[in-house]
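Asks: Residue strings, one per chain:
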Amino acid sequence: MMSEIVGQITFALAIFVFGISFLLLARTFGAERIVAKVYRSMKKRGQSPTARYFRRDIRAKVGLAIVLVVVFTAIFASFMAPHDPIRGISEDRFQGPSWNYPMGTDYAGRCIFSRIIYGTRIALMIGALLVAVEFAIGVPLGLLAGYRGGKIDSLIMRAVDAVLAMPGMIIALAFVAIFGPGLYKVVLAMAVTGWAGYARLMRGQALAIKEEPYIEAARAIGEKDRTILRRYVLPNSISPLIVMVTMTFPAAILLSSSMSFLGLGIMPPEPDWGAMLNQYSRYLGDPMPAPLWSIFPGLVMIITILGFNFLGDALRDALDPRLRE
Amino acid sequence: MRLRLPGGMYGFIIRRLLLIIPIMFVVTIFVFMLLPLTGDPARQVLRAQGVNDPTLEQIEVTSHRFGFHRPLYIQYIRWLTGWPPADPAQGEDASVMTNGLLRGDLGYSYVQGKPVLSMILARLPNTLTLTIAAFTMSLAIGLLIGIISALRRKTWVDYLFMGTTIFGVSIPFFWLGLMMLLIFQVWLGWYPYEPYGLWVIFPAFALATHQAASLARMTRSSMLDVLRQDYIRTARAKGLREKTVIYTHALRNAFIPVATLLFLRLPFLFGGTVIMEVIFRWPGMGQLLVSAMGGGAFGASGGAKDWFLVQGGVLMFLVLAVVANLLCDITYAYLNPKIRYGEGK
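Protein sequence lines correspond, in order, to chains A and B. Just so it is clear: in the first sequence, position 320 is 320 by my numbering, and no numbers are missing. Just so it is clear: in the second sequence, position 291 is 291 by my numbering, and no numbers are missing.
Be aware that one or more of the hints could be misleading.
Unchecked claim - Here are some, though not all, of the chain A residues that point toward chain B, as calculated from beta-carbon distances under 10 Å: (1) Ala172; (2) Leu254; (3) Leu277; (4) Gly285; (5) Pro297; (6) Phe310.
Said to hold, decoys possible - Over 12 Å on every C-beta distance to chain B, these chain A residues come out as not near it, computed from the model: (7) Ala51; (8) Ile75; (9) Met80; (10) His83; (11) Ile86; (12) Phe94; (13) Trp99; (14) Met125; (15) Ala132; (16) Ala208; (17) Lys210; (18) Glu211; (19) Glu212; (20) Tyr214; (21) Gly222; (22) Leu319.
Calculated from the structure, these hints are not laboratory results. Just so you know, even glycine gets a beta-carbon here, dropped at the ideal spot from N, CA and C.
The following block holds chain A by itself, in its conformation from the complex (with noise of 0.2 Å):
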C-alpha cells in the first residue's frame, strides 16, 4: 500500500514537472497565444474551418475518445486496477478471464487486466517525454538551419540526413545495452535519433515562412531575429508541428515497447506492455489461459494506437488545407 502511494506521488510529480517544464518551454516561445487561439477557435461552432472540419470528423471523435480513456487510465490507475500489477495473489494461478480477474492471471497469480492498465502510465510517459525532448533539441536547431541558412543550415541538415538514414532502434538498443536499461534511459536512448525528424520538419516550415511578406515587413520594423522567431515563425509552424507531435506518440509506444519486448527497455516485473510481452511470450506454447497473456496487452496496444492514429490523420486533415476535400 505505500509503494502505491509513493508510486501515485511520484507520478503526479512526474505529470506536474512536465506540465511546467512545457509551460517554461511554451512561454519561451510565446505559445501561449497559441493555446488561446485554437481554444477560441474551439469554442465558437462555425468560426474557423479547422474547427469545423475536425469536429466533423469521425476519426476525431474516435481517436480523441481512445486517447482521453487512456489518458484518464493513466493518471487513476491506481483506482481503476482491481488488483496489484507487480505482487499476485499464488492461490490465484492460471485463471481465465472471470469477474473478479477480467483477463485472468499469470503463473505468479498477477492480474493480467491490472498490469495492462499500470501499462498505460508507463506509455504515456515514455510517449511526453519522449516527444518532450525530441521537441526541445529538434525544433530549435530545425529553426536556427531554416532561419539562417548557409553554412550552420548545411551542417546540421547534413547530421539531420545521416541521423535520419541510421536506424534508429538498432543504436537506441546499444544506447540501452551502454546504460542499462530503466524509463529515462530508454527515452533518452530513443531521442537520440528521434529528433532529426522535428529539426527536418521544422527547417521546412522556417525556410517556407522566412520567404513570407510579414517577416520582411517585420525586419523592416527591425525586430530582433530572435523575436520573429519566436512571435512569427514559430506560431506559423505550428500545426505541422500538432501533427508531428500526435504522430510521434504512437511510434513512440511502439518503439520503446519493442525494446522492452527483446528485453533491453524496461525490464520485466514492470508493468510495461512490451515487458509484459517479453515476459509472457515465453509461454505462448502452454495450455490455454497462456496464450491470452501474451493476446490482451498487445489488443490494447492496438486500440491505444489506433487512437493516437486516428486522431493524427484528423488533425493532419484538418489543419492541412489542401487536403481538405
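We have chain A; now place chain B onto it with these hints.
Replies: For chain B alone, kept in the frame of chain A given last:
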C-alpha cells in the same frame, strides 16, 4: 521504365559517394565508442567470461591484456588499423587484439571465442534475405492496395482497404509476429523450430504489414493528387487508353512521394528485422546482435554482453543502412530529375 543517363547523374553519384566518407568516419567512431562508453570495459569482459566479482588485480591484467589502458585515440586507431601492434612488455595479448577494421578484422567474440566478422558474415545472407523479402512484399502489397483504392475511390473496396491499412499501421508488428507464431507454430504446427529457405515468408510478412499499410495510404493519396492534375486530363483527352493513362502517366508521377516515404522508412526495416529474427528464430545477424547485447525475447534477457560482437553487429547494420540509403538516393535521383540537376543540394 526507360532510363537515360544524363551527364548530371554521374556527377550526382560521385558527389553522393564522397559524402559517405565523413558518414563512415562518424559511424566507426560511434561503433568504437560502444565499449569505452560502458565505463569499465575490463569488467564487462570479465563478466562475460564468468567472473562476476573481479579483484582489482584481475581488472588490471585484463585491461592491459586488451589494451584498454591506452588513451582512447590510440585504441581507436588500433581498432581501425591494427597499429600500434600489441606490446607484450605492457602485458598486451596479441591473440585478443584485432588486426584492425580496415584489414577486415573485428576481433574475437570473447564469449564464443570465434572471429566476429566470420560469425556476422555467416548470418548476413539470412538477414539480407529477410530484409529484401519484407521490402519487396511491402512494396508490392502497398502499391497494389494503394492504386486499387485510388481508382475505386469511395466504393466499398476503398473503404475496406483503407480500414485495413489503418489497422495495419497500428498493429505492433512484433505482436503480430507473436500471433503468427502462435497460430502457425503452436496451433497448426506448420512453422518449424529451425526455419530455413522459404520460411522467410512468415517473418517477412509480419515485418511488411506496417510498411505496406503506410505505403498504401501514401500511394492512394498521391495517386488521387496526380489524377486531378491537368496533364492527366490532357492524356485522357488525347484519347489514350485508360491503362496507359494510369500506368504511364499517373503512376510514374505518383511514385515520387511514395518513394520518399519508402526510403525514409527503410531504416525502420532494419530495426524490424532484428525483432522478427528473434521472434521467428530466423538465424540472422539481428538475433546474434540482440543476444550479444544481453537481450532476447521469450524471457531470455539479462545475459552477459559480448561487446566485440555488439560492435560488429551494429557496424554491419549501420553499413547496410548507409549502402541502402545510397541506393535509395540514386534511385530517387533517377525518378526525380530536380535532384539530378542539382536543384536539391
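Asks: All hints, please: hold or fail.
Replies: Comparing the hints with the structure gives:
A least Cβ separation of about 8 Å between alanine 172 of chain A and chain B falls short of the 10 Å threshold, and the interface hint therefore holds. The restraint placing leucine 254 of chain A at the interface with chain B holds, with a minimum CB-CB distance near 6 Å, inside the 10 Å limit. Below 10 Å, beta-carbon pairs count as interface contacts, and leucine 277 of chain A has one with chain B at about 6 Å; its hint therefore holds. Because the beta carbon of glycine 285 of chain A sits about 5 Å from the nearest beta carbon in chain B, less than 10 Å, this interface hint is met.
The criterion of a C-beta within 10 Å of any C-beta in chain B is met by proline 297 of chain A, whose closest approach is roughly 8 Å, and the hint holds. At a threshold of 10 Å, the smallest CB-CB gap from phenylalanine 310 of chain A to chain B is about 7 Å, leaving the interface hint in force. Every CB of chain B lies more than 12 Å from the CB of alanine 51 of chain A, the least distance being 23 Å, so the non-interface label holds. No Cβ of chain B comes within 12 Å of the Cβ of isoleucine 75 of chain A; the nearest lies about 23 Å off, and the non-interface call holds.
The Cβ of methionine 80 of chain A lies farther than 12 Å from every Cβ of chain B, with a closest approach of about 23 Å, so its non-interface assignment holds. In this structure histidine 83 of chain A is separated from chain B by more than 12 Å, as the shortest Cβ-Cβ distance comes to about 22 Å. Remark: the non-interface label on isoleucine 86 of chain A is consistent with the geometry, its nearest Cβ contact in chain B lying 16 Å away (cut-off 12 Å). With a minimum CB-CB distance of about 17 Å to chain B, phenylalanine 94 of chain A clears the 12 Å threshold, and the non-interface call stands.
The Cβ of tryptophan 99 of chain A lies farther than 12 Å from every Cβ of chain B, with a closest approach of about 26 Å, so its non-interface assignment holds. The beta carbon of methionine 125 of chain A is kept farther than 12 Å from every beta carbon of chain B, the shortest such distance being approximately 18 Å. Listed as a non-interface residue, alanine 132 of chain A keeps its Cβ farther than 12 Å from every Cβ of chain B; the least gap is roughly 22 Å. The Cβ of alanine 208 of chain A sits about 16 Å from the closest Cβ of chain B, beyond the 12 Å cut-off, so the non-interface label holds.
The claim that lysine 210 of chain A lies off the interface holds: its Cβ sits roughly 18 Å from the closest Cβ of chain B, which is beyond the 12 Å cut-off. Once the 12 Å rule is applied to beta carbons, glutamate 211 of chain A is consistent with being away from chain B; the minimum gap is 17 Å. Every C-beta of chain B lies more than 12 Å from that of glutamate 212 of chain A, the closest at about 22 Å, which supports listing it as non-interface. Chain B leaves tyrosine 214 of chain A outside its interface by the beta-carbon criterion, the shortest separation being 27 Å against a cut-off of 12 Å.
No beta-carbon of chain B comes within 12 Å of the beta-carbon of glycine 222 of chain A; the shortest separation is about 34 Å. For leucine 319 of chain A, the requirement that its beta carbon stay farther than 12 Å from each beta carbon of chain B is met, with the minimum near 15 Å.
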